[in-house]
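Which chain is which? The protein sequence lines are S and P, in order.
So the first sequence is residues 0 to 477, counted in numbering that gives the first Met the number 0.
So the second sequence is residues 0 to 477, counted in numbering that gives the first Met the number 0.
No lab work stands behind these hints: they were computed from the structure.
A hint or two may mislead.
Identical copies carry no separate label here, and so any pair may be met within one copy or between two of them.
As the list claims (entries may be wrong) - Each computed DSSO-like pair below joins lysine-lysine, with the alpha-carbon atoms no more than 30 angstroms apart:
# : residue 1 : residue 2
1 : K318      : K368
2 : K245      : K26
3 : K355      : K333
4 : K328      : K249
5 : K312      : K351
6 : K317      : K465
7 : K368      : K26
8 : K368      : K333
9 : K333      : K200
Please read these numbers as outputs of a predicted model, since none were measured by experiment.
Listed here are the chains, written in short residue letters.
2 protein chains.
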Amino acid sequence: MAKEKLVQEITNMEDDFAQWYTDVVLKADLVDYSGVKGCMVIRPYGYAIWELMQKEMDARFKAYGHENVYMPMFIPESLLEKEKDHVEGFAPEVAWVTHGGSEPLTERLCVRPTSETLFCEHYKNIVQSWRDLPKLYNQWCSVVRWEKTTRPFLRTREFLWQEGHTIHATPEEAIEETEQQLNVYAEFCQNVLNMPVVKGKKTESDKFAGAESTYCIEALMHDGKALQAGTSHYFGDGFARAFDIKFTDKDNKLTYPFQTSWGTTTRLIGAIIMSHGDNNGLVLPPKVAPIQVIIIPIASHKEGVVEKATEIKERLEKKFRTKIDLSDKQPGWKFAEYEMKGVPLRLEIGPKDIEKNQCVLVRRDTREKYFVSLDELETKVAELLEDLAKSIYNKALENMEQHTHACTSIDEIKACIEKNGDGFIKAMWCGDEACEDKVKELTGVGSRCIPFDQEKLSDTCVCCGKKADKMLYWGVAY
Amino acid sequence: MAKEKLVQEITNMEDDFAQWYTDVVLKADLVDYSGVKGCMVIRPYGYAIWELMQKEMDARFKAYGHENVYMPMFIPESLLEKEKDHVEGFAPEVAWVTHGGSEPLTERLCVRPTSETLFCEHYKNIVQSWRDLPKLYNQWCSVVRWEKTTRPFLRTREFLWQEGHTIHATPEEAIEETEQQLNVYAEFCQNVLNMPVVKGKKTESDKFAGAESTYCIEALMHDGKALQAGTSHYFGDGFARAFDIKFTDKDNKLTYPFQTSWGTTTRLIGAIIMSHGDNNGLVLPPKVAPIQVIIIPIASHKEGVVEKATEIKERLEKKFRTKIDLSDKQPGWKFAEYEMKGVPLRLEIGPKDIEKNQCVLVRRDTREKYFVSLDELETKVAELLEDLAKSIYNKALENMEQHTHACTSIDEIKACIEKNGDGFIKAMWCGDEACEDKVKELTGVGSRCIPFDQEKLSDTCVCCGKKADKMLYWGVAY
Chain S
0 MAKEKLVQEI TNMEDDFAQW YTDVVLKADL VDYSGVKGCM VIRPYGYAIW ELMQKEMDAR
60 FKAYGHENVY MPMFIPESLL EKEKDHVEGF APEVAWVTHG GSEPLTERLC VRPTSETLFC
120 EHYKNIVQSW RDLPKLYNQW CSVVRWEKTT RPFLRTREFL WQEGHTIHAT PEEAIEETEQ
180 QLNVYAEFCQ NVLNMPVVKG KKTESDKFAG AESTYCIEAL MHDGKALQAG TSHYFGDGFA
240 RAFDIKFTDK DNKLTYPFQT SWGTTTRLIG AIIMSHGDNN GLVLPPKVAP IQVIIIPIAS
300 HKEGVVEKAT EIKERLEKKF RTKIDLSDKQ PGWKFAEYEM KGVPLRLEIG PKDIEKNQCV
360 LVRRDTREKY FVSLDELETK VAELLEDLAK SIYNKALENM EQHTHACTSI DEIKACIEKN
420 GDGFIKAMWC GDEACEDKVK ELTGVGSRCI PFDQEKLSDT CVCCGKKADK MLYWGVAY
Chain P
0 MAKEKLVQEI TNMEDDFAQW YTDVVLKADL VDYSGVKGCM VIRPYGYAIW ELMQKEMDAR
60 FKAYGHENVY MPMFIPESLL EKEKDHVEGF APEVAWVTHG GSEPLTERLC VRPTSETLFC
120 EHYKNIVQSW RDLPKLYNQW CSVVRWEKTT RPFLRTREFL WQEGHTIHAT PEEAIEETEQ
180 QLNVYAEFCQ NVLNMPVVKG KKTESDKFAG AESTYCIEAL MHDGKALQAG TSHYFGDGFA
240 RAFDIKFTDK DNKLTYPFQT SWGTTTRLIG AIIMSHGDNN GLVLPPKVAP IQVIIIPIAS
300 HKEGVVEKAT EIKERLEKKF RTKIDLSDKQ PGWKFAEYEM KGVPLRLEIG PKDIEKNQCV
360 LVRRDTREKY FVSLDELETK VAELLEDLAK SIYNKALENM EQHTHACTSI DEIKACIEKN
420 GDGFIKAMWC GDEACEDKVK ELTGVGSRCI PFDQEKLSDT CVCCGKKADK MLYWGVAY
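Construct all of the structure, not just a fragment, from the sequences and the given hints.
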């Protein structure tokens, strides 16, 4: 029974990973398709996960002194065009508003794909002196990028995100902010999403449009593909120069300030699905599970069962997000339903359990059963949730380690992929963009990042054989 | 001193109410103008007020079983057109997206002005049986309406709001939901915003596009103008018929379900400014004040002052949103600054206070001073915050009562406005739209609502003299 597959309707991930993913997001009631191509409806269960993520992240941002603001969703074309690299990067993929009511607009407005230009316009109004710095802002909103191929959470034309924007008196301070926020993301992924990530820097060709440098965290999915889970950008004073933002410094000199931005999106929901999910559906990290414990009464027509189950619910919901399913469906159906939804713990209680003053707890990840005395229920639930969080983290870490291989030549990369499938390839790189392109062309794997934790695998570039002092992570990305 | 005006830079509301309002929203750092006409930047202090409002409202919605979701921000033109009255009401004021990147779209998309049509499309996918009902949804997002004249918070082309959307098996249930949510809004306005409201029903000519009936809460501002603070709509099965949403009821019959929607917006921030503010700036209701207590050390260069003030801050922030201003500005400047920002309580502490183991608390609304022993500080702060909340509510209620007048003829309405200025006019109405229009034309006041608390002022319509059994509230609206 413990090993039996209760939910038959979803595709096995080994057979078709993409279809498995689609099945899970739909059957676990995370999303619905909408009539607007590439835009999704985020249903209550999916949105509740996002709300829990928001709460955890928002508290971290505020602890570092960031304040939330709200900028307009529209950017006039002339404003978007002020920073040359930025407009080149984003103009091809924005949605344009051309009419208000029945009137054509005198200037087109794009729906924000990101808000650097709006923040710059605002900074120009409010930053005059070193006393006004730093400004540490964040905004929760939705943005639009007109993607050609879309998939729920992973790539949608509209998505929800947070975008941090900060402005500082010195480059050192701005760089420290960029790194600090990358660390916040990594810690959040590890401790809240139970998902290990590699921290690193993007290569020149891969950085954000308008950035001096882009840092990122990269995670590895079940299928060996890499997923960029968050980015943090250092802008130098490039935007300040383009928007003519200046402040009087402590020496009474007019100076350009230094900026950063950093973001994470609803794509993180896709990341946890593909990091922890299995052939029975979702497996949710306890800290973002909308339901942490689902109570399912057994033989609920018997006297006292519903009462006892309800009493337990009232006890547990003081400490855990707890739900009870009193519907007239069969327990087996309910087991499968909440496994599909990735609820970390199932609590079963029937007449025999009540006699013994116990209940049964079943872990979602291992399906292990525990007979637990009702006297120590809260302690045991807390313990099992913590243990599950550690287990799924370790499993994901193991998956990442097993799918990370060091290679020293193009042929080795090809052979490695042939043998092991997708994953991270570690290889040395001379720093030349031509080599980056050539590796991608010949092997299919692109550069993911220059990890902060560097190893010296050899002295020479995996591609051209010239001197190389950077180790890169390569992979196929979502 | 208590009566002296510390902030000289804002216009007196008696001289120019509109300018006073603009001065306050800008000088209290609530908003900044943006380069997009009619769209505003909500700055940290303004956004923090909205976050506190959201938290209070969201908890109330969830307590009634509502779940948050997220719908796309775009509505295809053909979808918007499905319900006749709805499209007629909204099409003239929507923003149209016509291009994605460099490609023209095959169908125009409007930026949602409201999301009934999107919810209907989704309901059609997920509602099949009576077991699927009710669905009680809410969404926090921004919407766009292409207004001609705009003012921060009160009327902007983009604004933040929540929109509740529910679908039910019976009309009774849907009507109950509509009324329940109106009551939630009224209770929220009273207990959180300390703002009295009149609950009522809109007349036919004034109801929401596509609704069978619209309920509303109306508040009265300092200048005697009425402000619609929230609406709740009952749709009957009109949208279900237009979108062909059907469910199998308990008798196995295919039936149309019944819908509601209800919303409040960032306009509520405008409402609290104009309900409680004075010539020194904002006066914030304690429950939505981002800073509830501002600590200002006096003679902070003297030994021990900053330490003691910081110690008090650490004590208070366990229970209250507390900030300390340790900047090198003069106390007088700080007093004015935090009065402008409407912080409910100011705490002053200097060397003499420390000697006496006391501090000074000053209420924002009355500017009364209290010398408080540090031993009973938390109790006194809680007491004063509660008292301030009651006081500003009572003051607003008194303002509303003083500016509400019963009239029985058009001439009486004219004379009343002449004598008392703007306010609510109570008058009987026969129910004929022609009379509604004529009153507006002749006196300038439009119908605000048919209040739930009816009074029988006379038997005849204030306009045509025919039999009338409805008392209306009339007024000039924001």
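Point to revise | Numbers of unmet hints, in rising order | key: 6 and 9
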